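Protein chains in written order, with the working numbering: chain A, 1 to 342; chain X, 1001 to 1449.
Accuracy of the hints is not assured; some may be wrong.
Within a straight-line C-alpha distance of at most 20 Å, the following computed SDA-like cross-link-like pairs (lysine to any residue) qualify [what the hints assert, rightly or not]:
id, chain 1, residue 1, chain 2, residue 2
1, X, K1371, A, L235
2, X, K1335, X, V1408
3, X, K1278, A, F171
4, X, K1278, A, Q232
5, X, K1278, A, H234
6, X, K1049, A, V66
7, X, K1278, A, M233
8, X, K1049, A, E69
9, X, K1049, A, H234
10, X, K1371, A, E69
Quick partial rundown of chain X residues pointing at chain A, CB under 10 Å, derived from the structure [to be verified]:
id, residue
11, G1110
12, T1114
13, L1148
14, V1151
15, A1174
16, Q1225
17, G1280
18, V1284
19, K1395
Calculated directly from the structure, the hints in this document are not laboratory data.
Because the structure is a prediction, the values reported are computed rather than measured.
The beta-carbon is built from N, C-alpha and C at its ideal position, and this holds for glycine as well.
Chain by chain, the residues run as shown.
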Amino acid sequence: MFGFFKSSKEPPPATDQAEAQAAPAPEQAKTGWAERLKVGLSKTRKVLNTPVGDLFRRHAHIDEDVYEELETILLTADVGVDATQYLLDALRRKVKQDKLTETGQLRDTLRAILLELLAPLERPLDIDTARPFVIMLAGVNGAGKTTTIGKLAKRFQGEGKHVLLAAGDTFRAAAREQLAVWGERNNVEVIGGQGEGTGGDPAAVIYDAIHSARARGIDVVLADTAGRLPTQMHLMDEIRKVKRVIQKADPAGPQEVLLVLDANTGQNALAQIKAFDEAIGVTGLVLTKLDGTAKGGVIAALAHRHAPSRPPVPVRFIGVGEGLDDLQPFRAAEFVDALFGE
Amino acid sequence: MFDNLTQRLGKVVKNLRGQGRLTEENIQDALREVRVALLEADVALPVVKDFIAKVREKALGTEVLQSLTPGQMLIGVVHKELAALMGEHAVPLSFASQPPAVILMAGLQGAGKTTTCGKLVRVIRQQGKKKILTVSCDVYRPAAIEQLKTVTAQAEADFFPSEPNQKPEDIARAALDYAKRHFHDVLIVDTAGRLHIDEAMMAEIKALHAALQPVETLFVVDAMQGQDAVNTARAFNDALPLTGVVLTKLDGDARGGAALSVRHITGKPIKFAGVGEKLGGIEVFHPERMASRILGMGDVLSLIEEAQQAVDHQEALKTVQKLKSGKGFDLEDFKSQIQQMKKLGGLSSLVDKLPGAGGKMGADDLAQGEKQMRRVEGIINSMTPEERRKPELLKASRKRRIATGAGVSVQEVNRLLTQFEQARKMMKSLGKGGLSKMMRGMKGMLPGM
Ligand SMILES: Nc1nc2c(ncn2[C@@H]2O[C@H](COP(=O)(O)OP(=O)(O)OP(=O)(O)O)[C@@H](O)[C@H]2O)c(=O)[nH]1
Ligand SMILES: Nc1nc2c(ncn2[C@@H]2O[C@H](COP(=O)(O)OP(=O)(O)OP(=O)(O)O)[C@@H](O)[C@H]2O)c(=O)[nH]1
Ligand SMILES: [Mg+2]
Ligand SMILES: [Mg+2]
């Protein structure tokens, strides 16, 4: 939520274009997750002028100023008005109930309340329940779908899985070429990655990929789709169709529908989740671009605002850079700690 | 999803009515609503605070002088302040330099830079500049160069090839040199998306700027961006002498508070709005429209303006003539109205601009509405020209025939005729109330509105 490791850009490889694209991305520094968080956090500090640590140092006793500063921190992290209000109300209740007076206690209390809110979002993805396990990625334009597929392919291969990619974005300029590069970097095949230019039926490409995966005993199919805004009615219809066609190839599929969210997104993320969920039934989220200063706090709003009839959509992974390794499973405690960690 | 500000203030204004004057306390309530509305529209908190302080000052200052109701006064102050903050009017691109005029694109990952390059080609050509060259300095993102190449070909401009193994600065220099030697009027330089905290990448774009000396350095911002917009805008503005902003993906349903944040931080004009993925999806930015959008107040003015552009004038004239001559408004006119509505970008874009409608209608209602529009068209298509002119001819057997032809039930044909009657009444008021009234009336014709 509050700043993550920034991986440096890969240097341009010194080969010609075709070779350069085939070459795997250089290994990222092998820093652990906690390490990454700390680095990211110190960077965040420089940018934000009111980090929580400072706040607690500056005020020894709990007063209205402390609450107001906490409100500022939550609001500027895109937590949203409602969820912020909810968190602060819960905090005030607890302070009263437990007769707290020191800001140090306030901090542990707020951490606990935030963790309680976010914990239901931590439900790791299990890809061993079907073969092939079909994952469809969807989201608004530029959120990071194609890049996330590249990272997921690496991750699943690392777990010993055979992976196949489906180039379901037949619309955007060079979208297939982009996925093809990620295929080459991971040394996995991309179905529909060869097609020249744009045009073609995304549903058909993904359908073919699933059949091909089954014939070859592939474990995981990662299906890319074109970016689309929920206001684009025909494109929302199109993605419904993509899902229906997947179900024709595999009545139990897609096993996972991942909605990719850019951590920079403000409150519109809630509308995105709602619209995509209604269209294709979202089963998991990926929160990308957490290596910047955007906090992705809108997932707290999501956790707060979900329908009571079912748990909130889990955040399966977070994206922390543009390289192959810049993907991490979501951990609620780490997410919260990133805010309060020293 | 959220109450819009008009609805929010509506509540407060009701409370204020009859009290005669604004008290500090009353302003407090109303301003809290404004604050929440702006935050929900993703205006960054520090910007909201500044804004509220300004409005408070203005509102209290004018209290005694104005003879308006307190509510009108407050809404007026809020809207005026916001519009002023957004900028007074649209600012065009500058070409004031020795050719080639260089345009440098900058922004976060995925904001829409590459796509905007293609769109700008179109815009610039419309402004009379003929020879345009594009080049990509994005040696990082897979197939980024390929993407710009494709987009440039679609926009029919010249493309300067580059390779991922080259240095961005070398590419830029070579392209500039080429553009000079081949007498290009304009050179558009695409760059990789970068984080403002990535020191190496920020240094890179500074170097690009130094090498290119662009007349325009455009900061591309995603309209969906949240609170962090202030941090990124500040960093890019500090690193580069930005000349303008392009706000992309405004065709979505984000309220676009980032526009205000970026504007407040950089003070630079927002020059264009991206309103679609295709090359035509770009518009000159209208500050006052954006102010209304952020506030959720709708924008009848822009609707009328668009209507004037998109609607077939001959067609419109015919309808008006018909009305003036006292002759009836028939189903043929009704159909052509629906077609004109489609030209205006469909219901969703229309409803966006109607005050008060946005809050009440979800995507579902709209989808439903658009479907309904298509059905209505289908039904009218199944009628004979005579039936369209004289709907009173439509008795049971004809209705059955039409229903079968259009693949709908007789009830639906009946419903259409009822709606048509309403529309006919509405059209009578066209002469009196003007287009905005007509558009507002149209809401009533569709289910769920
Ligand atoms: N810093 C950072 N950049 C990212 C991350 N994930 C993706 N990106 C970048 O975001 C930009 C867009 O990523 P894509 O994967 O093309 O996004 P997409 O959702 O497939 O985009 P469309 O297909 O055009 O809708 C690229 O420049 C990526 O390198 C991340 O976790 N961190
Ligand atoms: N709906 C809509 N989509 C847009 C608009 N502008 C850009 N896009 C889409 O947003 C996505 C990202 O656009 P790009 O042009 O690749 O963005 P970029 O800033 O060049 O991305 P990087 O080079 O990865 O930093 C693509 O899917 C575009 O089609 C717009 O105004 N409306
Ligand atoms: Mg993509
Ligand atoms: Mg680009």
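Each hint, compared with the structure:
1. As the CA atoms of X:K1371 and A:L235 are separated by approximately 15 Å, the hinted pair is consistent with the 20 Å bound.
2. For the hint linking X:K1335 to X:V1408, the alpha-carbon distance of about 17 Å falls within 20 Å, and the restraint holds.
3. Of the pairs offered as hints, the one joining X:K1278 and A:F171 holds, with about 10 Å between alpha carbons and a cut-off of 20 Å not exceeded.
4. Simply put, X:K1278 and A:Q232 have alpha-carbon atoms about 13 Å apart, close enough for the 20 Å limit, and the pair holds.
5. Restraint check for X:K1278 and A:H234: satisfied, since their Cα atoms lie roughly 14 Å apart, inside the 20 Å limit.
6. Only pairs whose Cα atoms come within 20 Å are accepted, and X:K1049 paired with A:V66 is accepted, the gap being roughly 17 Å.
7. Pair hint X:K1278 plus A:M233 holds up; C-alpha atoms about 15 Å apart against a cutoff of 20 Å.
8. Between X:K1049 and A:E69, the direct Cα distance comes to roughly 13 Å. Compliance with the 20 Å bound is thereby established for this hinted pair.
9. A C-alpha spacing of about 40 Å is found between X:K1049 and A:H234, which places the hinted pair above 20 Å, so the restraint is violated.
10. Between X:K1371 and A:E69 the alpha-carbon distance is near 48 Å, which puts this suggested pair outside the 20 Å criterion.
11. Below 10 Å, beta-carbon pairs count as interface contacts, and X:G1110 has one with chain A at about 3 Å; its hint therefore holds.
12. At a threshold of 10 Å, the smallest CB-CB gap from X:T1114 to chain A is about 8 Å, leaving the interface hint in force.
13. Checking X:L1148 against chain A: minimum C-beta separation of about 8 Å stays under 10 Å; hint holds.
14. At a threshold of 10 Å, the smallest CB-CB gap from X:V1151 to chain A is about 5 Å, leaving the interface hint in force.
15. The interface hint given for X:A1174 is broken, as the beta carbon of that residue sits about 15 Å from the closest beta carbon of chain A, more than 10 Å.
16. Interface hint status for X:Q1225: upheld, as the beta-carbon distance to the closest one in chain A is roughly 5 Å, under 10 Å.
17. A cut of 10 Å between beta carbons decides the hint on X:G1280: the least distance to chain A is about 14 Å, and the hint is violated.
18. Because the beta carbon of X:V1284 sits about 21 Å from the nearest beta carbon in chain A, more than 10 Å, this interface hint is broken.
19. For X:K1395, the interface hint is violated, the least distance from its beta-carbon to any beta-carbon of chain A being 36 Å, above 10 Å.
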